[in-house]
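Asker: Line by line, the protein sequences are chains A and B. Just so we're aligned, residue 27 is where the first sequence starts under my numbering, counting upward by one. Just so we're aligned, residue 25 is where the second sequence starts under my numbering, counting upward by one.
Since the hints were made in silico from the structure, they are not lab data. Treat the hints with caution; some may be incorrect.
As the list claims (entries may be wrong) - Here are the computed lysine-lysine pairs in the DSS-like style, where the Cα-Cα straight-line distance is at most 27 Å: (1) Lys-495/B to Lys-134/A; (2) Lys-162/A to Lys-483/B; (3) Lys-165/B to Lys-284/B.
Keep in mind it's a predicted model, so treat the numbers as computed, not measured.
Next come the chains, spelled out residue by residue.
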Amino acid sequence: MLKIKNLYAGIDGKEILKGINLTIQPGELHAIMGRNGSGKSTLANVITGRDNYEVMKGSILFNSIDLLGMSPEDRALSGIFMSFQYPVVIPGVNNTYFLRAALNAKLKHQGMKEINAADFLRLIREKLKLVKMDEKYLNRGVNDGLSGGEKKHNEILQMLTLEPALSILDETDSGLDIDALKIIANGINNFRNNDRSFLAITHYPRLLEYMKPDFIHVLIDGEFVKSGDASLAFELEEKGYSWLEA
Amino acid sequence: MAKHSQIIDSAISQEYKYGFVTDIDQETIPPGLNEDVISIISSKKNEPEWMLKWRLKAYRQWLKMEEPNWAKLNYPNIDYQAISYYAAPKPKEKLKSLDEVDPELLETYNKLGIPLEEQKLLANVAVDAVFDSVSVTTTFKEELKKHGVIFCPFSEAVQNHPDLIKKYLGSVVPTTDNYFAALNSAVFSDGSFVYIPSGVRCPMELSTYFRINAANTGQFERTLIIAEAGSYVSYLEGCTAPMRDENQLHAAVVELVAHKDSQIKYSTVQNWYPGNPKTGKGGIYNFVTKRGTCLEENAKISWTQVETGSAITWKYPSCILKGDHSVGEFYSVALSNNFQQADTGTKMIHLGKNTRSTIISKGISAGKGQNTYRGGVKIMKGAENARNYSQCDSILIGDQCSAHTFPYIDVRNSSAQMEHEASTSRIGEDQLFYCNQRGIPMEDAVSMIVNGFCKDVFKELPMEFAVEAQKLMEVSLEGAVG
Numbered sequence: 027m028l029k030i031k032n033l034y035a036g037i038d039g040k041e042i043l044k045g046i047n048l049t050i051q052p053g054e055l056h057a058i059m060g061r062n063g064s065g066k067s068t069l070a071n072v073i074t075g076r077d078n079y080e081v082m083k084g085s086i087l088f089n090s091i092d093l094l095g096m097s098p099e100d101r102a103l104s105g106i107f108m109s110f111q112y113p114v115v116i117p118g119v120n121n122t123y124f125l126r127a128a129l130n131a132k133l134k135h136q137g138m139k140e141i142n143a144a145d146f147l148r149l150i151r152e153k154l155k156l157v158k159m160d161e162k163y164l165n166r167g168v169n170d171g172l173s174g175g176e177k178k179h180n181e182i183l184q185m186l187t188l189e190p191a192l193s194i195l196d197e198t199d200s201g202l203d204i205d206a207l208k209i210i211a212n213g214i215n216n217f218r219n220n221d222r223s224f225l226a227i228t229h230y231p232r233l234l235e236y237m238k239p240d241f242i243h244v245l246i247d248g249e250f251v252k253s254g255d256a257s258l259a260f261e262l263e264e265k266g267y268s269w270l271e272a
Numbered sequence: 025m026a027k028h029s030q031i032i033d034s035a036i037s038q039e040y041k042y043g044f045v046t047d048i049d050q051e052t053i054p055p056g057l058n059e060d061v062i063s064i065i066s067s068k069k070n071e072p073e074w075m076l077k078w079r080l081k082a083y084r085q086w087l088k089m090e091e092p093n094w095a096k097l098n099y100p101n102i103d104y105q106a107i108s109y110y111a112a113p114k115p116k117e118k119l120k121s122l123d124e125v126d127p128e129l130l131e132t133y134n135k136l137g138i139p140l141e142e143q144k145l146l147a148n149v150a151v152d153a154v155f156d157s158v159s160v161t162t163t164f165k166e167e168l169k170k171h172g173v174i175f176c177p178f179s180e181a182v183q184n185h186p187d188l189i190k191k192y193l194g195s196v197v198p199t200t201d202n203y204f205a206a207l208n209s210a211v212f213s214d215g216s217f218v219y220i221p222s223g224v225r226c227p228m229e230l231s232t233y234f235r236i237n238a239a240n241t242g243q244f245e246r247t248l249i250i251a252e253a254g255s256y257v258s259y260l261e262g263c264t265a266p267m268r269d270e271n272q273l274h275a276a277v278v279e280l281v282a283h284k285d286s287q288i289k290y291s292t293v294q295n296w297y298p299g300n301p302k303t304g305k306g307g308i309y310n311f312v313t314k315r316g317t318c319l320e321e322n323a324k325i326s327w328t329q330v331e332t333g334s335a336i337t338w339k340y341p342s343c344i345l346k347g348d349h350s351v352g353e354f355y356s357v358a359l360s361n362n363f364q365q366a367d368t369g370t371k372m373i374h375l376g377k378n379t380r381s382t383i384i385s386k387g388i389s390a391g392k393g394q395n396t397y398r399g400g401v402k403i404m405k406g407a408e409n410a411r412n413y414s415q416c417d418s419i420l421i422g423d424q425c426s427a428h429t430f431p432y433i434d435v436r437n438s439s440a441q442m443e444h445e446a447s448t449s450r451i452g453e454d455q456l457f458y459c460n461q462r463g464i465p466m467e468d469a470v471s472m473i474v475n476g477f478c479k480d481v482f483k484e485l486p487m488e489f490a491v492e493a494q495k496l497m498e499v500s501l502e503g504a505v506g
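So that you can see chain A by itself, here it is in the shape it has in the complex (with noise of 0.2 Å):
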């Protein structure tokens, strides 16, 4: 599904990823450890196309095609999806009609009917009730007034609604208290399937407990030093990331 080869990246012309291979089929859930400033972020950003980041040696093929003559947009549209790290505030514009819009973008890229506001309405409700959102939320601003926690069920229900074939989570986890923690890994639980493939980047390895990875990745100053199965998180949890630097 996504084909990561020696790829060099960085922002304002310093090299933040240096050489980064990953390969992730179809249903795979892959975490990315490490800690701050090690290149996580900028990996996720790369991926999904933001402005400002530049790619300097490398290729990212998605579904064998390659994704960085593309823009943001037509990334998204070709099934690729990023739950924020920091999700935006957008005032005045309504969260119903934000998804809707989402929604129907893709529905219309893949040749499909548009969606109508009453199926919507229909639709969302049942993923609202997946991530146990009130529906309150629904008529606020896109993120207005949500509180961090609020703000990451938020981007887990338009995961569920736009159905992307790749989703990075990035940093999902943090701001979230156990309970909210529990309910997000098991949004995404439910959401995964053999078809599905998942990018979880993350300092701790407690949503790991919940959402268990087939592999995990760790990085350090932009390199992958150890790749491993779940027990990796473990041992990362008892050793810290030191015994891992040169």
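Use these hints to put chain B onto chain A, whose structure you have.
Answerer: Coordinates of chain B only, in the frame set by chain A:
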């Protein structure tokens, strides 16, 4: 950055869709301004002597006045002798019904999406259409008459309701108020007059549509709205003009008088030709004085404006809150794209006790546009417990535009409560990316974010105007950002 400039380029090539010229027999008087010209205008309108005198007095005062230059606007000197002060479609005999209106003219209004005929029956909006210097037609007169509502061209009101005109004309905006108001008082040609009797809730929205067609002609309309005790009226105005290389002057005056317990809601969607988007050549100079008085207690005046057109906008719809417990509101969206410059805002003058005012201003600058909010809140000595809330937000799109905010606050009564909030931001790269990451294309994202930004104002507009305003915003901004 390359992408940004590309998309900005495509925005710049966006055409003004109301820029056509109607080929119609026009009667114009030659350019120039003197007392003879004013007499000609007055006699063309068959005006009584007192009206001419009033005009001439205003003209003589104007001669002694100087054009204001305090606004943050750059434009070459206006040659007031090069402007023609009167243009009218022929024939100018009084029209009895729509059937007598020149079909070219009706076609013009149809092109503008202002059907004067049957469609308006469904929309339930009474329309007065002002083409250059004269009012072409007013719809729904009979229906309004049943409720005692007067809605007619200004020139007709001078003939038929001289007492009302004498009593109220210049009572809110005196002839000496400012340079452009004085000029308007001297040469105004037509406009709309509205009178709502006591206790009447006007059964439909009233609307005036202004169109400048003739070249080298100024448009100077005058609107007067009187709401008697306990009445209510909602009034809308819209404006467009052809694309011409020369700048054209529009200097209007609007006066609102709200008596006890009455309410006037005045909404504007201003879309005059903004000038050539690439060179900045041409476009309307829009110098407008709008003011309302809440004369007695519990009166309420709300101004809502969406200003997307004109090369230059100089406009400060204001409220004088004289009656105790009276309320003034100002909701504004001003957009300046390409070479447009807008200096706009409001004045709230609190005289009565427990008076309240609200100001919500949203400025949007794109291209090389320059957008200024200028607002004054004055709490006079006798205004016990006056309250004001002001919020001025600006959003910048691209890196060549600017936004400025000049709030003036003058409080002379210590019981006043004032709140002022202001913000300026670039249209957020993070907001755009967030939308894009959800598959929403750039242009849709921009218009979504800007419309969200304007929401507090749009929600004040009557339904059909709110939709028009949103669409207008999309067209005016199309591709303004990358």
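Asker: Can you name, in rising order, the numbers of the hints this structure does not satisfy?
Answerer: none
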